[in-house]
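Now for the letters of each chain:
Protein chains: 6
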Amino acid sequence: MNDVIKKADVLVEALPYMRKFQGKTIVIKYGGNAMVNNKIKESVLEDITLLKYVGVNPVIVHGGGPVISETLDKFEIESEFYQGLRITTKEIMEIVEMVLVGKINKEIVSLANKFGSKAIGVCGKDGNLIEADDYELNSKNEVDLGYVGQVKEINSEILDKLIVDNFLPIVAPIGAGENGESYNINADLVAGHLAAALNADKLILLTNVEGILGDKNNNSSLISSLTIDEAKIMMNDKRIAGGMIPKVNSCINALENGVRRTHILDGRVPHALLLEIFTDRGIGTMVTK
Amino acid sequence: MNDVIKKADVLVEALPYMRKFQGKTIVIKYGGNAMVNNKIKESVLEDITLLKYVGVNPVIVHGGGPVISETLDKFEIESEFYQGLRITTKEIMEIVEMVLVGKINKEIVSLANKFGSKAIGVCGKDGNLIEADDYELNSKNEVDLGYVGQVKEINSEILDKLIVDNFLPIVAPIGAGENGESYNINADLVAGHLAAALNADKLILLTNVEGILGDKNNNSSLISSLTIDEAKIMMNDKRIAGGMIPKVNSCINALENGVRRTHILDGRVPHALLLEIFTDRGIGTMVTK
Amino acid sequence: MNDVIKKADVLVEALPYMRKFQGKTIVIKYGGNAMVNNKIKESVLEDITLLKYVGVNPVIVHGGGPVISETLDKFEIESEFYQGLRITTKEIMEIVEMVLVGKINKEIVSLANKFGSKAIGVCGKDGNLIEADDYELNSKNEVDLGYVGQVKEINSEILDKLIVDNFLPIVAPIGAGENGESYNINADLVAGHLAAALNADKLILLTNVEGILGDKNNNSSLISSLTIDEAKIMMNDKRIAGGMIPKVNSCINALENGVRRTHILDGRVPHALLLEIFTDRGIGTMVTK
Amino acid sequence: MNDVIKKADVLVEALPYMRKFQGKTIVIKYGGNAMVNNKIKESVLEDITLLKYVGVNPVIVHGGGPVISETLDKFEIESEFYQGLRITTKEIMEIVEMVLVGKINKEIVSLANKFGSKAIGVCGKDGNLIEADDYELNSKNEVDLGYVGQVKEINSEILDKLIVDNFLPIVAPIGAGENGESYNINADLVAGHLAAALNADKLILLTNVEGILGDKNNNSSLISSLTIDEAKIMMNDKRIAGGMIPKVNSCINALENGVRRTHILDGRVPHALLLEIFTDRGIGTMVTK
Amino acid sequence: MNDVIKKADVLVEALPYMRKFQGKTIVIKYGGNAMVNNKIKESVLEDITLLKYVGVNPVIVHGGGPVISETLDKFEIESEFYQGLRITTKEIMEIVEMVLVGKINKEIVSLANKFGSKAIGVCGKDGNLIEADDYELNSKNEVDLGYVGQVKEINSEILDKLIVDNFLPIVAPIGAGENGESYNINADLVAGHLAAALNADKLILLTNVEGILGDKNNNSSLISSLTIDEAKIMMNDKRIAGGMIPKVNSCINALENGVRRTHILDGRVPHALLLEIFTDRGIGTMVTK
Amino acid sequence: MNDVIKKADVLVEALPYMRKFQGKTIVIKYGGNAMVNNKIKESVLEDITLLKYVGVNPVIVHGGGPVISETLDKFEIESEFYQGLRITTKEIMEIVEMVLVGKINKEIVSLANKFGSKAIGVCGKDGNLIEADDYELNSKNEVDLGYVGQVKEINSEILDKLIVDNFLPIVAPIGAGENGESYNINADLVAGHLAAALNADKLILLTNVEGILGDKNNNSSLISSLTIDEAKIMMNDKRIAGGMIPKVNSCINALENGVRRTHILDGRVPHALLLEIFTDRGIGTMVTK
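Residue numbers (the working numbering), protein chains in the order written: chain P, 34 to 322; chain Z, 34 to 322; chain F, 34 to 322; chain E, 34 to 322; chain R, 34 to 322; chain B, 34 to 322.
These are computed hints drawn from the structure, not numbers from a lab.
One or more hints might be untrue.
[Claimed, not checked] In silico DSSO-like cross-links for lysine-lysine, where the CA-CA straight-line distance does not exceed 30 Å: (1) B:Lys57 to E:Lys185; (2) P:Lys53 to Z:Lys72; (3) P:Lys57 to B:Lys194.
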């Protein structure tokens with residue numbers, strides 16, 4: 034009996050946080066390890082369903098890197114990379130879209146429904162949610178990246194309506210080109226743009242590292258909080274590099290467009306989302322204005 | 034860290050129950066010990082606020098016995114009892130109303146607001162919520178009970194509107210007589226009538242005993258579930274007696290008017306409400322059709 | 034027959050005034066004599082119900098001075114005054130709250146319902162309507178006034194909703210302190226703050242004098258209209274003094290926060306409210322910007 | 034001053050009647066003398082505007098007999114009558130429609146607006162309000178009555194919307210034939226059909242006689258109340274005859290389709306409408322089920 | 034079969050135009066020849082009903098010149114003109130109003146209903162839609178024009194509501210004077226004011242000439258597009274004269290108050306409205322800012 | 034010019050049909066040839082967008098047979114058939130889902146958006162739209178068909194909301210099993226169930242044959258209309274066979290659940306949909322109750 038009572042204590046401890054986030058929109062990017070490990074995958078969606086039930090409005094954006102690679106391998110389609118970006122031919126784009134929209138997105142929808150969400154999967158083509166065009170490299174763009182895209186405009190009407198009607202939107206990061214062609218866009222960047230367009234309270238990027246490290250080679254050098262300016266310096270210094278760059282850029286973009294707080298969390302920590310939202314214990318790295 | 038994660042586990046365990054009760058109305062009678070002990074009093078209102086945040090619509094009815102007696106003592110007003118009912122003269126009625134509406138009700142409102150509810154206190158006169166008339170004794174009514182009342186009609190409009198507007202209604206069991214006079218009505222009975230009028234999913238009577246005992250003298254003879262018919266037999270047998278009678282009658286009235294389940298819970302158990310709603314562990318006695 | 038027709042003429046004469054005030058909010062402070070004399074008390078509520086029926090939105094604030102004093106006497110609790118303010122100990126505050134909220138407020142609710150209003154009584158704790166803190170004396174505050182409060186903030190949501198849902202709100206001037214403690218606030222001042230917060234068209238203070246007199250000792254020196262500046266001069270000159278000061282301050286506060294007109298009326302005049310609203314015959318004193 | 038106070042008394046006396054009719058629809062046929070005498074015409078519209086302001090939903094149907102005759106005379110168009118019905122050729126119908134819709138209806142709209150109503154004039158063609166076909170005489174129909182019509186169907190959508198939007202509808206009794214042709218319909222009958230279609234609480238026919246007389250030749254034989262059955266007997270007996278027949282039939286039709294009470298009132302009595310609605314003094318004849 | 038398929042092709046060609054005008058308000062002045070020729074009259078209303086069905090919100094304003102003259106002739110009422118304006122005595126005004134409101138307006142309503150619109154006819158008195166006063170001549174006003182009016186203010190509430198409720202408003206250009214008197218206003222000018230008040234996307238004046246000619250005497254000198262400035266110069270030069278002046282002024286007024294485009298079209302061209310809205314083929318003259 | 038005017042004539046001819054179908058839901062199955070031939074594919078979506086613009090609510094269900102086969106071939110996955118049904122292993126199911134949801138559905142969404150629809154693609158998992166279980170063969174089910182499913186329940190909430198919000202829903206015929214597994218369901222059958230659940234006015238199955246033939250070997254033996262009973266006889270007689278069976282069963286299911294009319298149309302005919310809806314010329318076979 035005492036045990037059960039202690040559990041009730043825990044529920045009640047969450048009350049101040051429920052109060053704080055009720056009715057707020059939180060955009061959650063869910064990718065990397067958090068999506069591959071089945072147990073974590075389920076747990077994240079259970080946590081998100083809980084958020085929904087206590088009055089928060091989560092919007093999920095998912096990536097799909099590993100499953101895409103797997104599928105390309107399986108069908109023996111080779112792909113090249115340039116500056117970390119997969120050069121996306123028409124053939125590859127078709128596989129990418131099928132995997133993201135027709136496989137990963139629907140798995141997430143199924144899982145979320147299992148826990149009691151009314152999940153609806155959409156991609157950037159649905160209701161023209163994400164208008165996209167060719168990704169512009171910073172350097173002179175001598176390489177044709179194919180259908181690697183960037184966000185040109187967000188038309189959030191479909192998400193606004195789904196939120197009002199109490200559905201849980203799950204977004205696949207496919208962009209719609211002007212002529213109906215598909216674009217493969219980095220999910221972190223999509224999440225940042227959506228957070229800005231939805232005027233979200235928080236942007237949370239769930240990943241498979243602990244957060245931003247002061248010293249890449251030292252796992253215990255986690256930086257728990259950093260400003261846009263500090264982040265920019267670290268990117269210049271190459272202390273922030275690789276896959277962390279789009280994450281940090283997504284945070285900066287969101288912050289500059291009205292999102293209050295952005296977080297890069299370690300999806301491997303059980304209930305990382307709930308810990309971030311329902312406790313004072315910061316985990317991962319928070320980027321703020 | 035592990036500790037915090039375990040807490041998140043607990044939140045997630047509550048999810049199936051949130052799903053089950055979302056949007057449902059639960060009428061909670063809150064009296065006896067649960068109101069005298071300060072710690073329990075606070076805890077009950079924190080639990081109720083939690084219910085509100087996870088999408089349940091609680092409606093609270095409170096009693097006030099001990100504080101009324103205290104106040105009458107303080108002002109040296111004597112009162113007599115007949116069959117367990119306080120004979121309520123005009124003078125006593127005035128004190129009863131002031132204590133219930135002007136003291137206890139407002140304390141509860143304050144406490145609920147402290148935890149983040151938007152609580153509004155009403156009594157049976159507000160919006161003519163509870164129309165009342167003289168209480169009819171079963172036996173020939175040779176004693177004038179004064180302003181002891183019974184529910185004649187519930188006009189639930191004010192509660193319906195408060196629920197829709199996301200307020201938490203706190204009801205003092207004062208009835209409105211035809212000519213504006215006040216009636217003192219047993220809070221258990223008011224709760225039963227409100228549960229019926231609001232088409233509540235559950236009626237919960239929080240009290241300071243463990244529930245209905247098979248053998249009054251044996252605390253370990255708690256009956257965890259019983260039907261209307263069984264309850265009636267036990268009342269005939271006088272195995273259910275005293276203050277338990279209005280509670281059981283309230284349950285029967287509610288059940289016969291469409292409420293699905295009714296419970297008599299021990300308010301001294303910490304988080305009794307949450308245990309009942311968020312776990313499978315039945316506590317107290319459930320009366321069902 | 035002619036008699037009846039003349040009555041109909043009277044109804045029709047009121048039409049231009051109905052047109053003028055339809056959909057407007059009018060805050061009415063109702064205290065002093067208007068509350069003690071039973072006939073006037075009823076008449077005021079009948080008049081207010083009429084206002085409600087012709088499309089005006091009245092909000093009532095009541096005081097309770099005489100009844101509070103009576104009750105304190107009855108229970109032999111002594112109280113001291115400082116600069117006209119009752120020093121309010123915890124024990125006295127409890128009585129004040131019980132009398133205002135549990136007795137006077139509910140009597141008014143009952144009476145208003147009798148005439149066909151759907152009246153709902155609230156105090157400053159309900160929905161945190163009136164946030165209060167310690168009253169600040171102008172002079173150096175060497176005396177501890179106890180729970181004498183002043184308005185810190187109005188959260189008018191509950192009133193807004195009650196008005197939209199066609200209820201008649203009756204407000205008891207109890208303030209909610211930061212820690213749930215109760216404050217006794219001058220009802221005139223509460224009325225002024227509510228009029229400002231509700232963006233009322235009119236503030237009417239019903240009292241038991243004829244209005245503001247040019248010469249305190251001469252009842253026929255009634256000033257029918259005066260500006261804020263003139264009122265301030267008269268307060269400086271002590272020509273406005275005593276209980277008239279909070280009334281005038283309430284008017285000034287309301288006017289400076291957008292209320293169009295404020296009136297100090299003699300509640301002893303039958304139908305004083307209707308005369309003010311439905312005729313061109315000014316009665317009492319109007320304070321304007 | 035006393036005089037003004039007495040006027041306020043009168044307003045307050047009307048309160049119980051306001052309570053009774055608030056939100057109710059009352060269809061008022063307004064014709065005959067009530068329309069010709071300018072003073073009465075104004076007075077009726079002022080009374081109706083008052084009804085609107087105290088929360089009643091009046092719908093006006095007007096006739097136009099005398100003005101139509103005048104206009105036909107002026108333009109030297111002759112017309113014949115058969116059984117009291119004007120034989121309506123195409124040429125006459127055009128005049129009838131122009132007078133009813135383009136003259137009388139707009140005069141009424143203007144007058145009502147003058148008193149503060151938001152009046153909108155419609156005829157049976159607007160939104161296809163009144164579908165009509167050829168009037169069927171009881172006797173074998175050997176005479177071609179031309180465009181004399183009867184109500185085939187009411188499409189009340191436009192009136193429902195105008196009422197919800199707080200407009201005052203003024204209906205000219207022109208019916209729309211299947212091929213867009215116009216029909217001249219007795220305004221009493223139109224009023225009865227509208228009362229039925231709108232589920233009105235009352236149908237009031239304002240006319241220029243005192244009501245139904247027991248003895249046609251004796252003005253003091255007014256029957257103050259009569260049932261459908263009694264009315265039918267009186268029509269059989271020819272004690273009800275002439276222009277009173279469509280009025281009584283209109284009442285019967287309304288009563289048989291759910292209208293609670295119907296009245297034939299003397300429009301020459303000042304404020305006849307207000308006397309009927311706001312006093313207990315019955316005037317004219319009430320026909321009930 | 035091929036024939037039918039080609040017809041479907043035509044429907045599909047209209048799609049981009051439907052997309053463009055969906056939900057937009059278009060004010061259409063419909064007068065002159067378009068109203069006299071029966072075939073064109075029907076065709077215009079069929080076209081307008083089509084607009085309604087494909088999601089456009091048309092508002093019709095009609096004139097009535099020829100029918101008014103005919104009626105005055107028929108009743109042998111003579112009228113004089115001054116600068117092209119009919120001097121409107123009280124007697125003439127009465128005829129004008131009856132013809133416009135009671136004849137032409139209702140014919141248009143009937144026709145529109147026949148094609149499936151839910152048409153409602155209103156004039157400037159309904160809901161006080163068009164407040165008017167005496168028309169001011171540019172020159173010193175030595176002539177009393179009688180009830181020739183100009184628009185003082187538009188109260189568009191009734192039109193706003195009719196549009197929202199999916200009705201088709203048909204407006205007769207009668208203005209309401211301050212004392213309920215009627216004014217005869219040029220329908221072109223009314224249309225321009227309504228377009229401005231309704232924030233219309235387009236104002237279309239259907240007339241019986243081809244548009245504005247560069248050379249009055251040369252029908253092939255049609256100007257397909259012209260700016261406000263150019264139009265003003267042409268009016269100064271008297272190259273725009275007569276009945277074209279109020280049309281051009283109406284366009285200018287509309288354009289200066291936010292209407293995007295204005296058109297003077299030849300109502301004799303079959304489906305002139307549809308050609309303008311559903312094709313790229315400009316017909317008539319477009320006046321733009 | 035005459036040419037353009039004739040086109041306008043065509044628009045106007047469609048008006049009676051617009052009137053008839055405004056606000057009605059029409060479920061359109063779109064598969065077979067209509068989906069492979071690019072020109073037809075585009076044309077169908079343009080037609081559907083037109084329907085949307087004229088106030089009809091189309092809901093599209095698509096199949097994907099040929100593209101699925103192509104993809105399986107490309108990846109060298111072999112599949113077997115039993116009684117015309119593809120035995121669907123887990124591996125095949127994954128490909129089927131990716132192709133239907135991630136490729137075909139999104140192509141349709143893109144195309145519809147290109148024409149101006151606000152298209153949203155969903156599959157049976159989104160909002161649990163289509164609950165499915167194992168397909169039951171009529172014969173004893175000795176063969177394991179794998180993930181071939183049948184509709185167990187439709188939860189149409191997501192479609193209801195999308196329709197109200199003016200989106201165009203595009204449904205991929207994937208069913209959601211109880212444990213989140215995917216089912217491959219015949220698109221014709223899904224369309225029939227959706228039509229029933231949405232209370233559609235019409236079900237239209239676009240296919241690549243002319244309709245139901247009286248004599249399979251004679252293309253000119255098209256049956257233009259047939260009842261449920263007649264259809265059942267023809268299925269018994271094997272005159273209706275193969276892929277036509279699920280189509281006919283879908284029609285029967287829809288008709289028995291309240292859909293008014295069902296059609297099997299030849300998608301190869303240009304604008305087949307528009308011809309069916311906007312002309313009286315029946316094409317294909319209509320199945321009715």
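Hint check, failures only = none
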